[in-house]
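Chemist: These are the residues of each chain, in order.
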Amino acid sequence: MGELRLMKGNEALAEAAIRSGCDAYFGYPITPQSEVLEYLSREAFNRTGMIVLQAESEVASINMIYGAAGAGKRAMTSSSSPGISLMQEGISYIAAAELPCLIVNVSRGGPGLGTIQPSQGDYFQATKGGGHGDYKLIVLAPSSVQEMADFVRLGFDLADKYRNPVMILADGAIGQMMEKVELFEQLPRGGTYSKPWATTGKTKDRERNIITSLHIDPRQMEKINLRLQKKYKEIQEKEVRYETFKIEDADYILTAFGLGARICKKVVEIGREKGYKLGLIRPITLFPFPFKVYSEIAEKVKGILDVEMNAGQMVEDVKLSVNGKTRVEFYGRMGGIIPTPEEILEYFENKFLKGE
Amino acid sequence: MDETILKTEEQDFIEEDICVAENLVYHKPKTLTDTDLHYCPGCGHGVVHRLLMEVVEEMNIQDKVIGVAPVGCAVFAYNYMDIDMQEAAHGRATAVATGIIRVLPDKLVFTYQGDGDLAAIGTAETIHTCNRGENILIVFINNAVYGMTSGQMAPTTLPGMVTTTSPFGRDVKTMGYPLKITDLVAQLPGTYYVTRQAVNNAGNVRKAKKAIQKAFQFLQQRKGTCFIEIVSNCPSNWKMTPVESNKFVEEVMIPNYPLGDLKVPKEEQK
Ligand SMILES: Cc1ncc(C[n+]2csc(CCOP(=O)(O)OP(=O)(O)O)c2C)c(N)n1
Ligand code: SF4
Ligand SMILES: [Mg+2]
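Residue numbers (the numbering used here), protein chains in the order written: chain Y, 1156 to 1511; chain X, 240 to 509.
Do not take every clue at face value.
[Said to hold, decoys possible] Pair ranges (Cβ atoms, derived):
(1) X:VAL411 <-> Y:LEU1381: 34 to 40 Å
(2) X:GLY408 <-> Y:TRP1352: 45 to 51 Å
(3) Y:LYS1283 <-> X:PRO428: 18 to 24 Å
(4) X:THR272 <-> Y:SER1349: 22 to 28 Å
(5) Y:LEU1268 <-> X:ASP345: 50 to 56 Å
(6) Y:LEU1381 <-> X:THR274: 33 to 39 Å
Hints listed in this document are in silico derivations from the structure and should not be mistaken for laboratory results.
Yeah, the Cβ is synthetic: ideal placement off N, Cα and C, and Gly gets one too.
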């Protein structure tokens, strides 16, 4: 059993970064995730020599990640929604140059400056591009403090394995809440993947290494795109992760990710006490999205209620998966409001069921 | 030219036997690749590429050097320089270089940026990188114009100068003044060596090379940010011949951007 601690989600994430052997963190303060930069500034360098730098902006920090990841090191940044928006050009470059790194979005309510309260309004941004061009991030959605820690390690490994940026899409509540967390052991700095493509200085025994996303010849650019798409397809085939809760005998499925899924678990429990056979599907990887589990369950159930803290984003992917085989409805709150289990159940009873 | 004439001329040359070691005045550094440069005839970019790679060869630091070239005419620098390189987003070269030098502190990292890149879209990164005193060399090619996007006004465009976006000449009242960013960064405690050079004639080329040599030596001693502005040209977008453009550098650019050191390390002053 690993070391047990009571920690905030943001602190657990920062601690996990150190323990994952992260080489460098570059970030800029923004609520509700500033604890990450603060924790790392205190802890990281003295313990593992990990570099921590407060950048002048999120534009700078994402490009510092580009440089450090291109130099073959484990690099990460974290921010919240407006900061992640600023990073989009850099993220597109990183995806195109296939640089492994970790980007954390402890998201808050928008649009605009919005609110510092938790939200899931960045699902589209995280999973459908966000920046320009055809690229994909691997997106992990934690729903507990434990997963804030575990997904850092998992994220770095997936990033290295596929030479692809990974995003952890959390929210302000998961970042700020305190829970018991079991920490994994300290891993060696830098991870174990060899990176012969990294710019470390050209030695006599090899050709020069170039990190770039520029391919002016359209035939070459299409080739690169095809290679990227092939990689994303492989990720879709091999890396889908999700959790199910009481779906075996369910008549109705609730589905939600991150914080929403925690709340829906409670809805399943209180709903079952009232006699409704509810089950829950929680996607853990938002890309790759678990299409199959929905299309299979759609054959067996009477309907799916998708719950999100936004205007209805993941529900589009759920509908795509189900492809008309069963009814899919959406319930959401926006602007930093967290729905209660009771209001979700009430919606289910009074609206969803009556709409049958 | 007629091929046969070319051949006989070549033969004459060889017969005269002037191709001997003691007559060697120039050789292409091994740190430059054989790829043909895409730069326009007479452009300063090619000269500065050569100077950088000569210094890398002479100092025997090819395995230590990592270059960063952002978007701009020199975005393809990695096709010519036989060193590890990263291509950066427009304006972000010094942030990328910061990322590299922080995780590889023993390496010699340089950026190669245009005026639009360094002094417009990337101003914040430029100032803050210099202010942190990152141990990198910033090479700043000031050609007073956006070369790559075909001749728009740059932050360094001189008052009255005609560009595609200042077709009646730069009017400082509405378009702002030329930004002398090199003077600005010289004020920052993080910069160690700040100098302005040119490559419009042989004498200036030699001086520019000296400055590059010095800068790499300072990086080896981890002294902090070195910043070399090169007052350069853009014959194509200035609508001049190479010769005219070098004359313009001499007669108009240099009086506005005077050459010389703006910040000299104490050791050097002795
Ligand atoms: C975000 C972004 N905005 C605009 C551009 C278009 N762009 C490419 S290079 C350039 C200006 C280049 O001028 P400069 O930095 O002076 O370099 P030069 O070509 O003159 O050497 C611009 C505006 C871009 N590539 N990216
Ligand atoms: S456009 Fe100007 S800066 Fe670019 S290569 Fe041609 S002359 Fe040089
Ligand atoms: Mg320019």
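Chemist: Are any of the numbered hints broken by this structure? If so, which, sorted upward?
Modeler: Violated: hints 1, 3, 5 and 6.
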